[in-house]
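**Q** Using the sequences and the accompanying hints, generate a full structural model.
One-letter residues, chain by chain:
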Amino acid sequence: MNRPLFAQSGVLARRRQEAVVSATQVGGWGWFPVLSLLSGFGVLLLSVAYTGARVEQWWAAILFWVALLLMFVPTTIRMTSVEPSRKERLALITMLGMGLYLVKVLHSPIGFTFHDEFVHWRTALDINQTGHLFRENPTIPVSPLYPGLEILTDGLAKLGGLDIYTAGILVLGVARCVLVLAVYLFIEELSRSSRVAGLATLLYMGNPNFVFFGAQFSYESISIPLLAMVLYLTARRVRVHTIDRVGLNLAVILTIGATVVTHHLTAYAMTFFLVIWFLVTLLWNRVKQAVSLYKQNQNWREIWAMTKSEVKLYWKKAGKPSTQEWAAPAIGGTMLLSLVISLAWLVFVASLTVGYIAPVVRSAVIEVLKMIAGEASGRQLFKASTGQVAPLWEQLTGFASVGLILLGLPFGLLRIWRHAQNNPLALTLGIAALAYPASLGMRLTNSGWEISNRSSEFIFIAVSFAVALGFTEVWLSRKQNWEWVAAFTVCSSLIFLGGIIAGWSPYARMPGSYLAAADTRSIEPQSVQAAGWMYKELGPANRVAADRVNSLLMLSYGQQRMVMGGGDGINVAPIFMSQKLGGWEMDLIQKGKIRYAVVDERLSRYLPQVGIYYEAGEPDTYQHRTPLDLGALQKFNAFRGVNRLFDSGDIVVYDIGVLQNGLPEIVGFTSR
Amino acid sequence: MAYPKSWDLLAASLVAVLTAGLALAGITNPVLGLLMITLVPGYALVQAAFVGRSFSLIEKAMLSLGLSLVLTVLGGLLLNQTSWGLQPGSWAAWVGGLTLVACGVALLRREQPFLLGSSFSPRRFSFGFSGGQMLMVSLATIMVVGAVIVARNGAEEIHTTVTQFWLLPASSTNSDSLKLGITSTEIVPVDYRLELKAGDKVIQEWPTLKLEPNANWVNTINLPTDLGQGQKIDAFLYRLDAPNKIYRQTTFWTGQPVETSGK
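Chains as they are written, first to last, in my numbering: chain A, 1 to 672; chain B, 673 to 935.
Please note that the accuracy of each hint is not assured.
Just so you have them, the derived chain B footprint on chain A, three or more residues with Cβ under 8 Å [claimed, not checked]: (1) 171–177; (2) 252–262; (3) 520–534; (4) 605–612.
In short, the hints are calculated from the structure, not lab data.
A virtual CB, placed ideally from N, CA and C, is assigned to each residue, including glycine.
**A** Structure follows, in structure tokens:
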């Protein structure tokens, strides 16, 4: 199996050329020190941009993009060349990966601010305080059932004496390093070209979730690196015929186990990919033989008989690792292991996962079908639910990014089809890359957008390989001159920038002044201090209802037991949004045993950036045209027995325990 | 100076023992913690599992980091099954024990593990950088550290002027006395006036309360004995620079306990 992937292609010749060049500078760092200087400067500029954004400076946004390009472009130019040694490429790609990780770290340098981070932070706090896993988390109930990230954070926090935030970003930094190296080594293992591997890893960083979503304190940020490790180890395991195979088997088993217990979707994506890889490995040559035989004698019975005897022979030989046929059982074993562990975890530990994922998939499918049938209008791209439209250049870059990937894919797929038909892994990646165009359609729906966006981290491993192959073969195989390098650099940069634009909302990319229901931009001292007050004065674990953002803060800083759709099946929005407390609202309060209501009066002044004030399913979800009514938010003041315990200007905490006994008398209220 | 061929395993074992010893003594160290969670167990396992020449240095480095994460995750699941759970001591025992066992296996699988090797050379630890290259990489590192400092300072310096005002029963069982509190995170000292009323009757008044930035004011007051159950108590906070406008207000109905234990 230790033979080149693209034996018939021009890649081999170029690889020899690369090898010759690399051999002249074995161990050479090349341009890495100079580029590290530029990259470091880029990180510094980024930090200045963020600081400017916090005080509303007009130049901050420009500096943000300039800083990103300063990190990305010089590295890209260097990576297109045949000159860099493997060591230099690895150093450059790791430097870029870590530099882009800092984009997120510097965005929130003193605490978590992204939506999912608060949920996982709470799970980590529970583990940290109790020393045990699987505590309830009402915001995302499946989160504690996949505790890989929180376990790592707890280990470092306890052994290193660190707080959860510091331990979390350090763990994620190491995971990011593993991700970049594993993707590089996986593609290199497949293509046997450090140049293709370097460019593919570079393009992988253009996936919409690489810079922000995939770097947050959330389970995907650990599971994707583990997935990349599984792919690399499995690919490597097929080729190794030494005493190291036992070690590799152990590493594969352990890594699959850790991946499964860290994130549901990653586990399923991994299993699905391994199934396809196994099937392609097992069947592809037989399909080709059958088609060839059919063309020769047109007799299906004869072909079937031959295929059966072939399969029998194949399984007999399967136990012998020296044969080329060893690959299928090896991959089959990995696939079975992944399947069994994933199913076992789902059935015995995390059965809630079905109820968590199924509704999202169902509503996405329904939305797509309705859109196709013309019964519903799709989600408008580059338009926020508040009606704000992204600048034209962002729209153009976003479209260009997708267009360039779609343009590059056929070239890569064609190369795979023509020259890698004997490599099942390359074919499998080609098949996986086809999921990219399909996933784009889902971006036109509200529910499908989330699925499409999250799947990009998986699909882009295949997409980046195919596109890098296409670019390398078609563009960079020509005599290298600055025009080609410039064209490739521009295209890669557009893919990279387009990924950020498509993956993260404009208001969330940089810190700044308060925005309502805007997740990271809604995290500000007043709400944080209110949650802190709640914990200090009322203790933890009270049953509390609040809006989306204050729920996150009360859950984490306040350590309260939030009542919400995820954990209780109760959408608390009507309690706050209705003009008066009627039967329906009282029913929600009593069923949810809600003791405290947290009201943020700013919701009566601004539209919600994420499209919802409380939870999806509230009145006017994603279609709010006016802010909430202040009178509706303040209605609790009017009831006898409802205590207004806390007031910090915008945040008011009510003790509504009296409502458990029925609707009390309405009394007057002196409004400020 | 000559050194044993397996100095790496000895160093890993030393880090493991040191971390475990300190953790059991209740002492933690961020560097040791980081090494033991993200590098050392994986490194030891890689050395134990891969004694052939199948993997390059960079592959082993990636696997060391990755397998450390893997072993920690799986270790957390195992520790959860124990009665003491995930505690500093149990963590130290897990990652430390694993490292020592893996180092032992690696030593057994290595050929002549205790053979003395050649002398230490500074070049071994210069990563092959020339002086100029080292300078550039160092400057880049300094800029990144500077960037972190700038970002942290920028985030910490954002001031939001908040005055928290609250009113709670002094204890969860007795609502005859109330606890009033003000916390000011205003940028400048602020003068307040506080008024406590039962219906239209002023129970108590604080004409001037001056709070410095980040200062607290908490006061417990006993309610008049003639107040009946179900009486509404209002507390109004005014700023003296806007004396006629209620700045913050809270309300408490007597006769109701407030949960402070969490339910």
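**Q** Are there at least three residues in the region 252–262 of chain A whose beta carbon sits under 8 Å from a beta carbon of chain B?
**A** Coverage by chain B holds here, the residue count being 6 at a Cβ distance below 8 Å.
**Q** Take the region 520–534 of chain A, compare each residue's beta carbon with every beta carbon of chain B, and decide whether three or more fall closer than 8 Å.
**A** holds (count 6)
**Q** With a cut-off of 8 Å between beta carbons, are at least three residues of the region 605–612 of chain A near chain B?
**A** violated (count 0)
**Q** The region 171–177 of chain A covered by chain B? Criterion: 3 or more residues, Cβ-Cβ distance below 8 Å.
**A** Held - the region 171–177 of chain A has 4 residues with a Cβ nearer than 8 Å to chain B, which meets the minimum of three.
Taken one by one, the earlier hints fail for this structure only at number 4.
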